[in-house]
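Protein chains in written order, with my numbering: chain W, 1 to 289; chain Z, 1001 to 1321; chain C, 2001 to 2259.
A few of these clues could be false.
Output of the computed footprint for chain C on chain Z, the stretches with three or more beta carbons under 8 Å from beta carbons of chain C [what the hints assert, rightly or not]:
| hint | stretch |
| --- | --- |
| 1 | 1075-1089 |
| 2 | 1203-1217 |
| 3 | 1259-1272 |
A few chain C positions that, by computed beta-carbon distances, are all more than 12 Å from chain Z [to be verified]:
| hint | residue |
| --- | --- |
| 4 | R2047 |
| 5 | R2077 |
| 6 | T2110 |
| 7 | G2131 |
| 8 | Q2156 |
| 9 | P2158 |
| 10 | L2172 |
Quick caveat, the hints were computed from the structure, so don't treat them as lab data.
By construction, the Cβ of each residue, glycine as well, lies at the ideal position given by its N, Cα and C atoms.
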Amino acid sequence: MARTRLLLAAALALAACASPPSRSGPILLVDDAGDTTALAGPAARIVSLAPATTELLFALGAGDRVVGRTRYCDYPAEALAVPSVGDGIAPSVEAIVARAPDLVVAYRSGGNQAAVDGLRALGIPTIQLATDLLDDLDRAALTLGRALGDSARASALVRAMTDSLAAATVRVPEPPTVFILSWDQPPITLGAGSFLSQLLDRAGARNLFADQPQPSFPVSLEAVASRDPDLILVTDEQEPAWASRPEWQVVPAAREKRFVRVIGSEFNRPSPRAARAVRELRRAIERAR
Amino acid sequence: MKLGLLALLGVAALIGGVAIGAVALPPGEVIAALLHPGAPDSAIVWSLRVPRALLAFAVGGTLGVSGAALQALVRNPLAEPYLLGISGGAGLAAVVAIAMGLASAWLLPALAFGGALVASAAVYRLSLVGGQRLEPRTLVLAGVVVAFFCGAIMSALLTQTDAPRLRNAFLWLLGGFGGASWPALGAFLLYAVAPLLVLFATASSLDLLSLGDETAHALGARVERTKRIVYFTTALLTAASVAVSGMIGFVGLITPHAIRGWLGSIHRRLLPAVFLASGTLLVAADALARTVVRPAELPVGAVTALIGVPVFAWLLRRSLA
Amino acid sequence: MLEARDVTIRYPETERAAVEGVSLRVEPGHLVAVVGPNGSGKTTLLRALQGAVPLDAGAALLEGRPIAEWPDRERARWLGVVAQREEYPFVWRADEIVMFGRYPWLGSLTPPGPRDREVVRTAMARCDVGGFASRRIDTLSGGEWQRVRVARALAQEPRLLILDEPTTALDLGHEMELFELIATLVRDGLGAVVVTHHLNLAARFADRMLLLDQGREAARGTPREVLQPERVGRVFGWPVAITETPEGAPQVTPLRRPG
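Throw the hints in and build the complete structure from the sequences for me.
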């Protein structure tokens, strides 16, 4: 699967290189919903409705073409200068239209279909990109590159991201098991289908619930206790208060406060900063052991 | 007789609740863990399963008894504990806390408890007719109005807050016993035992209240005083339940209803039976909630409905036949 | 003895008093009928006699003591009430309903004992409903249901009985049956106040009669004294003739409009 995707990416990159970026004429984009969207030319005014796509657009050198973002798009710092249109899920069509975009990049989610349909009905080209996992990153970058009329740069970014991730990836013979706690009341953890779980894999650790495919789910404390994780991953700045609650004392890692703490948006969404996130996570894991 | 049968079922459910869990332990090991605190799995059994089963039983019983008492108070078999605006108040307080980043493990239940009490006090004030009489129909309406108002503020907050945080708030509100522990059980009993005893002692007045104010008065009930007692004890009980386990629907509506059909509506007999049956139902539902998709958990409220609805449908058919 | 002395009751935000300066007296062994057109204050007067509504003037006394000062349970041991309508959210058995009449005698934690069950059995037998003690109340006919409620009031072992329109919705046979039952109870020493629309039944069974007109007393006395054709015609707004039953009770017959 990953191989096919890589091949596909390479083929797309080649195809993009074959045609000069300045070539005028319509650009056809196939998005993650399978819809085809036509642009009259390279997009010049883009509203990006997901933090990950905003980051990618800036990484592709098109920060000056971003005319709208969500209030969660906080990276890079220059992005904060772009006017916010509010939420990225169930966004305000009116606020988006007010930015007079020639391309809207929506986050692919069931909650967005109505807004996407509405924007398209108004004649605004709109694409939907999934940006949940590491694997989504390359595809999103290439699609955005085509939209910007600069596929070469997108291919270069993909290559750079792939290389730096490969360099950051650690394989250890006996990876420590890490329990990811995303919320404590009720305890909610992340399964294999989550970005953080993928980061753990690359940082030489193993998600305690890597056998569960879903992105996140409420979990039994009993199961956590019996699987006995080496470490607990938290993404909070405070010393976790829940760890002193009586019911958590059955989990040795909680009792002994074996926490891995990472802070920053690079840990909750795939981005060109993923390799850095892997390295930082690796260091945090080593510190905790 | 029937009460004995229910007690037996309750004990069986508690044993089952301790015997099964997210981790499959052979019965021998569970017994060993129960008997020897040093045994390998005794932490799981003693610190997680036993308090969890007991808390589920206590909360279930409390919700059932509150539901039955409120049904008598508002003279409507479809009344349930969340009628008093409690769901709205607790939910709003929890969402506000989570939106403001105040949702620490200790603070969230306390705030939900406070929110529930404030909302039920508002409902009470709204439904006092002429400043002194508590009118059931007004009470139901006031409960709906306050719940809607809280819901409106919640939806407004929803659009202003981080989405994953809110999802977590709603998961908490959906209810469950993931946070059960001995201290949680102790805190719940501290709040619940006295109001429960008061309700059991008011059982005969509940019979009379169900007959309507006029007849209750004629039969010597102190109508307004009894209503006030029932109102505040059920509000306190429900708020305490919400604080330890979120909002578990269905138990407080269906169990009293089913037991009425089976045992009749003399509350002196009804309330203990409802307590046992509701506790049993919730322990069983929770045991399923934590094993069906293990190691993940289902919201226990969904499971109570999944078990309860078919049972209820069967009872309904039988009573119509 | 139950007594209303110059009772006046004004409901908030109404011009006319619901009851104004009305007096009434019931003693054991007597049946008093309160009659009058719709809205003449009959039910309000009964509520005053039960202490269920505050008085603006006058006094309602049970055994010489203001009814509102009686502790609820003690009052319920003296005074049984059969209200006009009762609708129940739950289903009980007939004997459970009658047992509610024992509640004024029971502590809030004491279950009914053998004597309570005996009283319930006797009360049901007297009202001729002993045969369906274990029937669910939603299977009872209108007449059976009324007799069960009277049995419940009897289970209170009261000295006095208040009945508000006890025969509405009953057919001729059940109507007579119920009044005969009340008459028997009164003969056995109970005092009773009955509010009724049925002037003719009231005239045949009551010792004394109070005719109300717009909250005021229009007449008081024996049925023969109260039921004068021009007075009844004026109060009810319709011309009537008064005749007599074979046993000598006055009977009201509304006249047809001439032409």
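Results for each hint:
no.: 1; hint: 1075-1089; in the structure: holds (count 3)
no.: 2; hint: 1203-1217; in the structure: holds (count 11)
no.: 3; hint: 1259-1272; in the structure: holds (count 5)
no.: 4; hint: R2047; in the structure: violated, 8 Å
no.: 5; hint: R2077; in the structure: violated, 7 Å
no.: 6; hint: T2110; in the structure: violated, 9 Å
no.: 7; hint: G2131; in the structure: holds, 20 Å
no.: 8; hint: Q2156; in the structure: violated, 7 Å
no.: 9; hint: P2158; in the structure: violated, 10 Å
no.: 10; hint: L2172; in the structure: holds, 27 Å
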